[in-house]
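> Listed below, chain by chain, are the residues.
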Amino acid sequence: SAVISQKPSRDICQRGTSLTIQCQVDSQVTMMFWYRQQPGQSLTLIATANQGSEATYESGFVIDKFPISRPNLTFSTLTVSNMSPEDSSIYLCSARGVENSGELFFGEGSRLTVL
Amino acid sequence: ELKVEQNPLFLSMQEGKNYTIYCNYSTTSDRLYWYRQDPGKSLESLFVLLSNGAVKQEGRLMASLDTKARLSTLHITAAVHDLSATYFCAVLWRNQFYFGTGTSLTVIP
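Protein chains in written order, with the numbering used here: chain W, 48 to 162; chain D, 146 to 254.
Hints are computed from structural coordinates only; laboratory data are not their basis. A virtual CB, placed ideally from N, CA and C, is assigned to each residue, including glycine. Errors might be hidden in some of the hints.
Said to hold, decoys possible - Footprint (simulated), chain D over chain W, 3 or more residues, beta carbon under 8 Å:
1) 89-102
2) 147-154
As the list claims (entries may be wrong) - So, partial list: chain D residues that the calculated Cβ filter (under 7 Å) puts toward chain W:
3) 187
4) 190
5) 193
All chains should be modelled from the sequences, with the hints used to inform the complete structure.
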């Protein structure tokens with residue numbers, strides 16, 4: 048299994064600022080994803096982080112708002128830009144293992160509150 | 146787009162009772178995953194089901210997969226308070242994971 052370290056674990060941000068979340072995996076993985084989870088809700092996929100190229104965004108999410116990098120196989124960042132209170136949420140980094148099961152592992156999440 | 150529905154959304158059950166959570170999905174897939182999430186925590190993998198008829202058991206939880214019916218079940222046997230959490234199923238389709246709506250389980254003493 049993969050262990051995913053994500054930071055910051057939580058932050059309180061001012062409207063209009065940007066915050067970058069970092070995600071580090073301790074072993075080889077195939078795909079990396081970023082999800083958002085509103086309180087009491089399910090997970091919504093923001094994008095697939097592609098190594099060395101632009102991320103693949105889901106409908107409703109754009110690169111200007113959520114720029115993502117993945118410079119190597121085990122590290123990725125998500126930036127939430129020009130934040131508004133509507134961006135207050137938990138952001139989860141995840142990675143798919145190389146085993147046949149293709150299991151998806153999750154970081155601890157970053158809880159952002161925008162004032 | 147693939148839809149994944151769970152029911153019930155909320156479940157309150159007494160300790161010692163049995164219950165089943167259902168996960169229905171709208172397209173063909175033979176890979177289904179179950180996760181547990183405690184309040185304020187991330188998701189923890191419970192079961193990986195990789196083929197039709199797969200059955201996995203761990204403690205008081207048992208998961209099964211019927212790909213023809215596009216249905217997975219998570220059965221709880223003799224519930225205990227420690228099982229209180231939110232449970233998600235997720236379907237792998239076209240290299241993406243689609244999560245169910247979640248089932249919030251509360252086990253009452």
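> Give a verdict on every hint.
Hints and how they fare:
| no. | hint | result |
| --- | --- | --- |
| 1 | 89-102 | holds (count 4) |
| 2 | 147-154 | holds (count 8) |
| 3 | 187 | holds, 5 Å |
| 4 | 190 | holds, 6 Å |
| 5 | 193 | holds, 4 Å |
The earlier numbered hints are all upheld by this structure, with none contradicted.
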